[in-house]
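Q: Sequence:
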Amino acid sequence: MLKLQNISKSFDDVNAVRDLSLEINEGEIFVLLGPTGAGKTTTLKITAGLIHPDAGNIFIDNNDVSEVPPAFRDISFVFESYNLFPIYNVYDNIAFALRSRLLQIGSEEIDKRVQSFSRDLHIESLLDRPTSTLSGGETQRVALARALVREARLNLFDEPLSNLDLKLREELRVEFKELHKKYQSTIFYVTHDHDSAVSIADRIGILFEGKLHQVGAPNDLIENPESVIVASLINYPAINVLNCTLVGKKLNINGKTTLVELSEAEVKSIGKITKADEFQIGLKPRNIFIGKKKNMINISGKVLHTEYQGYNKVINLDFIGLTIRLVTNQAVRLKDRSTIDVHFVKEDMILFERENGMRVL
Numbered sequence: 001m002l003k004l005q006n007i008s009k010s011f012d013d014v015n016a017v018r019d020l021s022l023e024i025n026e027g028e029i030f031v032l033l034g035p036t037g038a039g040k041t042t043t044l045k046i047t048a049g050l051i052h053p054d055a056g057n058i059f060i061d062n063n064d065v066s067e068v069p070p071a072f073r074d075i076s077f078v079f080e081s082y083n084l085f086p087i088y089n090v091y092d093n094i095a096f097a098l099r100s101r102l103l104q105i106g107s108e109e110i111d112k113r114v115q116s117f118s119r120d121l122h123i124e125s126l127l128d129r130p131t132s133t134l135s136g137g138e139t140q141r142v143a144l145a146r147a148l149v150r151e152a153r154l155n156l157f158d159e160p161l162s163n164l165d166l167k168l169r170e171e172l173r174v175e176f177k178e179l180h181k182k183y184q185s186t187i188f189y190v191t192h193d194h195d196s197a198v199s200i201a202d203r204i205g206i207l208f209e210g211k212l213h214q215v216g217a218p219n220d221l222i223e224n225p226e227s228v229i230v231a232s233l234i235n236y237p238a239i240n241v242l243n244c245t246l247v248g249k250k251l252n253i254n255g256k257t258t259l260v261e262l263s264e265a266e267v268k269s270i271g272k273i274t275k276a277d278e279f280q281i282g283l284k285p286r287n288i289f290i291g292k293k294k295n296m297i298n299i300s301g302k303v304l305h306t307e308y309q310g311y312n313k314v315i316n317l318d319f320i321g322l323t324i325r326l327v328t329n330q331a332v333r334l335k336d337r338s339t340i341d342v343h344f345v346k347e348d349m350i351l352f353e354r355e356n357g358m359r360v361l
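Quick note: the working numbering has the sequence shown finishing at residue 361, numbered continuously throughout.
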């Protein structure tokens with residue numbers, strides 16, 4: 001449905017987007033996930049025609065729209081700042097795009113759509129209100145209604161939930177998915193928020209420093225990251241990354257402490273990919289457990305502090321000068337600076353080459 005082909009864009013000395021290619025299927029929610037400054041909004045604005053790329057082409061329904069003005073691309077756009085019109089009430093904000101001469105939609109159909117989407121987003125009681133009187137959540141719902149009422153071929157969303165509190169974000173993520181099930185619209189959504197990405201996306205693209213690193217279903221990226229960048233961005237809390245050196249079959253931390261001993265087959269497998277001996281071990285916090293266990297990798301560390309996240313606790317440990325985080329829902333009370341034992345399964349460890357960040361095991 002949407003195809004971006006070898007898109008690049010620079011601003012002075014900053015390469016905002018670098019040779020980016022991706023395809024979005026009809027009726028799917030595709031999320032571009034990356035940190036601030038990754039190039040997400042630039043990619044979205046290039047798709048919309050608001051920014052012209054330095055190189056590459058944009059196709060919608062196999063038609064090259066690279067030189068087509070935004071008004072003729074049959075898209076809707078929800079900006080991070082919402083951009084509601086303060087001179088109009090809620091009804092007129094939602095109806096605004098439908099009144100364009102390009103669409104030639106009659107007043108009865110406009111009213112029908114406005115009323116329908118207002119009900120779906122639970123804002124039918126707000127239609128006569130000035131936008132200046134709306135709460136953050138109400139403003140977001142109006143912005144969503146204004147975009148979706150257009151029933152465009154492609155809907156673009158730029159960090160639409162980032163300005164809301166946690167409870168509102170959770171509510172709107174659920175409603176967002178329900179609306180998508182009902183209307184089956186094609187959505188290109190960009191965000192830095194891991195929870196939003198994995199909860200609403202059919203597929204996710206990981207963008208970092210303008211480069212698209214990997215595309216896949218949320219669980220595929222979580223379980224099979226191709227690089228340390230992908231593993232760090234798709235997991236929350238972020239994975240633990242420990243620099244290590246391969247000496248014979250041993251992965252040594254800080255040059256002397258052996259964390260893991262590999263099998264002969266694992267060493268040979270790594271050798272087929274790289275001749276390097278400097279690596280990074282990736283450990284997901286949810287795969288590290290409190291206590292010692294036979295036939296597991298056992299280590300001990302001092303408790304730095306504990307973070308509470310709902311029913312879970314994120315425990316930060318000092319392990320030979322390195323910070324390791326683990327997630328638990330156990331009813332444990334740990335004092336800061338106390339020493340605890342933790343363990344993990346070797347098979348849950350991911351190994352990346354340190355120089356290029358690519359996965360080798």
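There may be inaccurate statements among the hints.
Unchecked claim - As a list, the in silico DSBU-like pairs of lysine-lysine whose alpha-carbon atoms are at most 35 Å apart:
hint : residue 1 : residue 2
1    : 249       : 182
2    : 292       : 302
3    : 250       : 275
4    : 292       : 211
5    : 272       : 249
Said to hold, decoys possible - Pairwise CB distance ranges (calculated):
hint : residue 1 : residue 2 : range
6    : 276       : 224       : 15 to 23 Å
7    : 312       : 341       : 17 to 25 Å
8    : 273       : 52        : 38 to 46 Å
9    : 298       : 177       : 38 to 46 Å
10   : 269       : 290       : 25 to 33 Å
11   : 199       : 250       : 17 to 25 Å
12   : 217       : 55        : 50 to 58 Å
13   : 25        : 64        : 48 to 56 Å
14   : 71        : 125       : 56 to 64 Å
15   : 193       : 265       : 33 to 41 Å
16   : 300       : 57        : 51 to 59 Å
Read the hints as simulated data drawn from the structure, not as lab findings. Cβ coordinates follow ideal geometry from the N, Cα and C atoms, glycine included.
Q: Within 35 Å, alpha carbon to alpha carbon, are residue 292 and residue 302?
A: holds, 15 Å
Q: Does the Cβ pair residue 300, residue 57 satisfy 51 to 59 Å?
A: 56 Å Cβ-Cβ, so the 51 to 59 Å window holds.
Q: Does the Cβ distance between residue 312 and residue 341 fall inside 17 to 25 Å?
A: Given about 20 Å between the Cβ atoms, the range holds.
Q: If I claimed the Cβ atoms of residue 71 and residue 125 lie 56 to 64 Å apart, would that claim hold in this structure?
A: The hint (56 to 64 Å, Cβ to Cβ) is violated, given that residue 71 and residue 125 are roughly 32 Å apart.
Q: Mind checking the hinted window 33 to 41 Å against the Cβ distance between residue 193 and residue 265?
A: holds, 40 Å
Q: Using the Cβ atoms, figure out if residue 269 sits within 25 to 33 Å of residue 290.
A: With a Cβ separation near 31 Å, residue 269 and residue 290 satisfy 25 to 33 Å, so the hint holds.
Q: Within 38 to 46 Å: is that where the Cβ-Cβ distance between residue 298 and residue 177 falls?
A: holds, 41 Å
Q: Does residue 211 sit within 35 Å of residue 292, going by the straight-line distance between their CA atoms?
A: Given that 35 Å is the threshold and the Cα spacing comes to 41 Å, the pair is violated.
Q: Check the following: the C-beta atoms of residue 273 and residue 52 are separated by a distance inside 38 to 46 Å.
A: holds, 40 Å
Q: Within a Cα-Cα threshold of 35 Å, do residue 272 and residue 249 meet the stated pairing?
A: Satisfied, since the Cα-Cα distance of roughly 15 Å is no more than 35 Å.
Q: Is 48 to 56 Å a correct range for the gap between the Cβ atoms of residue 25 and residue 64?
A: Given range 48 to 56 Å: violated, Cβ gap about 19 Å.
Q: Within 35 Å, alpha carbon to alpha carbon, are residue 250 and residue 275?
A: holds, 15 Å
Violation of the numbered hints given earlier is confined to hints 1, 4, 11, 12, 13, 14; the remaining hints are satisfied by the structure.
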